[in-house]
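Residues per chain, in single letters:
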Amino acid sequence: MILVVAEHREGKLNRATLETIAAAQSAGSPVKVAVLGSGVDGVAKELAAADVAEVLTIDDAALKEYTADGFVLALEQLIGRENPERVFLPHTYQTRDFAPALAARVKRPLVTDCVAVKGNGYVRPMFQGKMQADVAVEGPHMATFQIGAFRADAMKSGGSAQVKPASVSIDASKIRQKPEAPFKEAKQAVDLSQAERIVSVGRGIKGQEHLQLAQQLAQAMGAELAASRPICDAGWLPMDRQIGSSGQTVAPKLYVALGISGAIQHLVGMKGSRTIVAINKDPEAPIFEIADYGIAGDLFEVVPAMIAELNK
Amino acid sequence: MKIAVCVKQVVTREWQLRVNDQKTWIRDQDASFELNEPDAYALEEALRLKEKHGGEVVVCSAGPARAAQVIREALARGADRAIHVESDALATADANGVAEALAAAIRDEQVDLVLTGLQSDDQGFGQVGVLLAEKLGMPHATIIMEVQKSDSGLRVKRELEGGWFQWVALPLPALLTIQSGINQLRYATLKGIMAAKKKEIRKVAAPASAQTTQRITSIYFPEKGKKTQMLPGSPADAAKELVKRLREEARAL
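Chains L and E supply the protein sequences, listed in that same order.
Note that the working numbering gives residue 243 to position 243 of the first sequence, counting from 1, and the numbers run on in steps of one.
Throughout, the working numbering is defined as the position within the second sequence, counted from one, plus 1000.
In case anyone wonders, no lab produced these hints; they're calculated from the structure.
Bear in mind that the values here come from a model prediction, so they are computed numbers and not experimental data.
Glycine included, C-beta positions come from ideal geometry on N, C-alpha and C.
Heads up, some of the hints might be wrong.
Claimed, not checked - Between beta-carbon pairs, the in silico distance windows are:
no.	chain 1	residue 1	chain 2	residue 2	range
1	L	Q212	E	T1217	45 to 53 Å
2	L	P238	E	Y1187	42 to 50 Å
3	E	T1217	L	R105	44 to 52 Å
4	L	K118	E	G1054	28 to 36 Å
5	L	G28	E	Y1220	23 to 31 Å
6	L	G139	E	D1080	27 to 35 Å
7	L	G42	E	A1065	54 to 62 Å
8	E	E1248	L	R9	43 to 51 Å
9	L	P182	E	R1013	29 to 37 Å
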């Protein structure tokens, strides 16, 4: 049996959960889904529509706010009781926060960021997505799945799974993290999700003084300027122009990636774009995996030529 | 505050990756190496916390003999001393193996705080820090963008997805994984490099428990999922062709 741990916030299911259920269904053994929180009936009912054997709920006031300790305490007991062969989770920030501790607690290997199930093992990226590896793991284990590796709409539904409360008791005094309410930083000045075209820059731009070149290209194309995380970390562009898992998610008509290697954290924020152009010196850069048009070359030579052509 | 900061030596981002004959790892005998960039942010945060609150920064690394390069680098940037868990097997060990090795180095040090980077640029498990917290019996918080010391311990700013953040309080000793970009990195000065030569690097043997529980059976370059049209030729020719295709084929301009 495969146990999938669902993720939700304030009653809203994270779609990555559906992708993880699809991954579990494709692995070919019975699937159960665990939902943790306080007041999770709605989410549990929604999940019961999936083609799964059972939806197990752990409804406890101590789980109202997510904490790593709370989730580890609850899931340690559930895994002990259900004894699933595999535990599947979406590779989200929340999973990354508690799953390794849970794995150590239940003494199981954890294979992270998987993009496919291959026999008894998994396929996962290495070297920032430039390579992939087949990974073998023995015995009961846990695995997390990269966002987008499986499709939520590939999840088989039409089931009428029973929703069953799991009897798990949580000693709230053992939760060491005391969380405050989540918040968003200052209002976003630019809503890149509405842009028709985006020119986005990465490490390959090398220096803040070269942003002008990207700006000129954006102007010639009628595009907004955006960036990958390292550019905003360096303070070259404000944070509200950052595309990726910690920034904005966009799907414009045209996305031009300049000197962006294509780390998964960036790709999840833009791979829904209709036409993707990648210009990068490194022909092995993962950005070329998802590009429609690619130029393996020096952006400092290609971009001025593009600007000249566009302005003709 | 006595702070342990964990660093890993990884191949440089610029190095052209090549697969070994067994297709189980890269040909790292030919590679050049550097400090894992996410760990550099953890080191910088440790140095800043020490400057603010006093104490000591102990850099810990689990890796083969060549990892001494990044240990020296960390000492040159300002760490006080180092512990090197040395074993050739650690070059390709999984997260559990690395966490066991680091736990062996840190367990008897009685530190107040352990900092790690978010993940490594090579295997990218993103789990060593949290595994280590559990093995050391410490509470943890991950993907941290700010660290404040309070009377009862720490108050830290966690990054959530989609632009959300959250403050979390936790008691000491604790472990934090640091988000890249939390601070501006400093680089080693000549004075720092000279001073590093006199700093202690204690070598520790890897414990028997530092075993790998997941094994790479094959490593390869991924097949392209999408039909990418690579436009060849000189920069000018490629740029001209690209603009034409974007106008006529993709109708994106």
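Here is what the structure says about each hint:
Between Q212 (chain L) and T1217 (chain E) the beta carbon distance is about 48 Å. The supplied range of 45 to 53 Å therefore holds. Look at P238 (chain L) against Y1187 (chain E): about 25 Å separates their beta carbons, and that is not inside 42 to 50 Å. Look at T1217 (chain E) against R105 (chain L): about 27 Å separates their beta carbons, and that is not inside 44 to 52 Å. For K118 (chain L) and G1054 (chain E), the hinted distance range of 28 to 36 Å is not satisfied, since their beta carbons lie about 51 Å from each other.
Between G28 (chain L) and Y1220 (chain E) the beta carbons are some 25 Å apart, a value that agrees with the proposed interval 23 to 31 Å. Between G139 (chain L) and D1080 (chain E) the Cβ separation comes to about 42 Å, which falls outside the hinted range of 27 to 35 Å. The supplied range of 54 to 62 Å is met by G42 (chain L) and A1065 (chain E), whose beta-carbon atoms lie about 56 Å from each other. Taking 43 to 51 Å as the suggested C-beta distance range, the pair E1248 (chain E) and R9 (chain L) conforms, at roughly 45 Å.
Checking the proposed 29 to 37 Å range against P182 (chain L) and R1013 (chain E) shows it holds: the Cβ atoms sit about 33 Å from each other.
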